[in-house]
Amino acid sequence: MGLSGLQANIFIPNELPRRIRESSKHRAEVLVYDALKSQLNLSQRDWVIVHSARWMTKMHAGSAPKTGEADFLLTHPKHGVICVEVKGGKISYSDGQWYSTNRYGERFEIDPFNQVERNAYELARKFDKMKRWSGGSDRDKYAQWVIFPDSTSPANAIYPPEYDSQMVTDQLAMDKLVEGLLEASSFWYGEDGWQHPAAPHARGLLLDLFEKERKFTMPMAADVAGEQQELERLTDSQYSVISAIAGNPRVAVAGGAGSGKTWLARKRAAQLASEGFRVLLTCQSRKLAEHLQSITQTGPNFIVSAYDELLELLSDQNAADDLTKSEYAWRLAALIEKSPELSFDAVFVDEAQDFSAEQWPFVEWLLGSEKQGVLYVFYDDNQQLSDSATVLPENMMSLQLDDNVRTTRAIHKDMVAYYQGQKEQRPRGPSGRSVEKINSEGKLQHCVRRVIADLLKSERFDASDLVVLTPADTASSALAETGLADARKLTDKPKLGTDVLLSSIRDFKGLECSVVIVCEYDQLPTEEAERRRILYTAYSRPKFHLVLIDESKENPSSES
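Just so we're on the same page, my numbering is the position in the sequence shown counted from 1, plus 6.
Just so you know, the hints here were simulated from the structure itself, not pulled from any lab data. Certain hints may be false.
[Claimed, not checked] When the alpha-carbon atoms are kept at most 25 Å apart in a straight line, the in silico DSS-like pairs for lysine-lysine are as follows: (1) K377 - K344; (2) K344 - K429; (3) K344 - K273; (4) K43 - K31; (5) K132 - K273; (6) K463 - K499.
[Stated by the list, open to error] Just the calculated beta-carbon pair ranges, DEER-fashion: (7) G253 - G305: 42 to 50 Å; (8) E197 - P166: 42 to 50 Å; (9) E430 - A459: 33 to 41 Å.
Computed from a prediction, not measured in an experiment: that's the story for all the values here. Heads up, the beta-carbon is just placed ideally off N, CA and C, and yes, glycines get one too.
Make a model of the complete structure from these sequences and hints.
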């Protein structure tokens, strides 16, 4: 028979472990394994041969499970499924009982034919429950083969009436094992071969059951719990830097994204508020201010507010939306001068690079007309953050934070390509997982849905752990109000605990999230410096995992 076009035989395992080969208990099985391997590979193809196949079945939901084990299990699209029982030693039969006598003269009761029959039946039940195994009604007709590799059958041996010699191969026929295999198959399935409806799937089924690699993984959400503790420990260690200069009332703290600036600002501000100071923590971004308010325990003497909302907050009057920045600043200063009790003992400014030189005198005016008090400003010293250099208040003591303590090292590697600060940042976080780079191949919405579904279901994140960032305004994004699985939406106004946040990169500046998905690279500006500024902001937002989804022919990659 020609062997071209047929698939090679597969032995599971491909090589017997040393512990099996050196075990006297398995000596007879080793003889059969080696004989099958050498002889089948010379003359046959399309076989799958499993040594020591084990399985478990249940008759019905309320029954106890039953286990089965065959010394060998073979399958072939034409020759069918064959259960094999191997018994070593000198075999004998007397008064309805089979025996095996070893080399030391010790005799043991054995039951090879009942064993192989029972296992063939239980195996059929197991297969019947598999989706690809349909139409198998003759459960007791799986081929059964018994091999006695050490023992020779007597001439003209007559087997008990419930067995047949075509089911048995002895020591004399070990060099013709393939003939014995095919004879057993023909005995059970007839000359036309195995006609089971699942015959085309038999090979794949055994490979799935006995060879397929099983990888048991920890959902990412569980994995990052340990990383979260590590990042918290690293961030706490940054506070020693602030404590060392606590006696200086005017400090400018510089550092790249992830250096813990916002955490330090909140920590020091809360500490002074607890000591009786009237404290303000402010920034330009309203979204960042809302986030800080949500995670900070404030009070009458500890206010967290966006700078352009202070006037309304302090005066209980609506600030006119059409005020220019200059008019707003003068009106705020006039309020503080008229009502000095509204001034602050300490002002903390986060994302200070967002403030212009013209605004700083008015920020300092919040300390009172004498401008005396504590002023701490925290800014990202990345030189690419704006077209103009960052200008800070005068007479500030400088403090540089060089460590990235918020993100994994894998994320830092992609982010740092866009950082050009005063000093190179040192990654201190856990290693983390590689940044995931995906080509959506023109199906952006479908790709985003799939990624989010995997993060929520397989990786076990909560919806609030995810954010999708786009260079576009959310109103003009192709992803706006995208429907997700389980009645969720991707929206800029997410329902807490259900929807996933869609945000522009600009609006998410200063914020962070466990997992960040960056999309719509085609919406990036063409001007190189601005493009790099936006990507720096986007890639510095995640703590544990970063997913980049591009629609171009090449996946997004870091620039050097």
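So, going through the hints one by one against the coordinates:
For the proposed pair K377 and K344, the alpha carbon gap of about 15 Å is at most 25 Å, so the pair holds. With a C-alpha separation of about 44 Å, the suggested pairing of K344 with K429 is violated against the 25 Å cut-off. Distance restraint check for K344 and K273: the Cα-Cα separation of roughly 31 Å exceeds the 25 Å cut-off, and the hinted pair is therefore not satisfied. Only pairs whose Cα atoms come within 25 Å are accepted, and K43 paired with K31 is accepted, the gap being roughly 20 Å.
Among the hinted pairs, K132 with K273 is inconsistent with the structure: their alpha-carbon atoms are about 61 Å apart, more than 25 Å. Annotation: proposed proximity of K463 to K499 holds, straight-line Cα distance about 22 Å (limit 25 Å). Separation of G253 from G305 is about 25 Å and departs from the stated range, judged on CB atoms against 42 to 50 Å. Under the hint 42 to 50 Å, the C-beta atoms of E197 and P166, about 25 Å apart, miss the expected range.
A hinted range of 33 to 41 Å holds for the C-beta pair E430 and A459, which are about 38 Å apart.
The structure does not agree with the numbered hints 2, 3, 5, 7, 8 stated previously, though it agrees with the rest.
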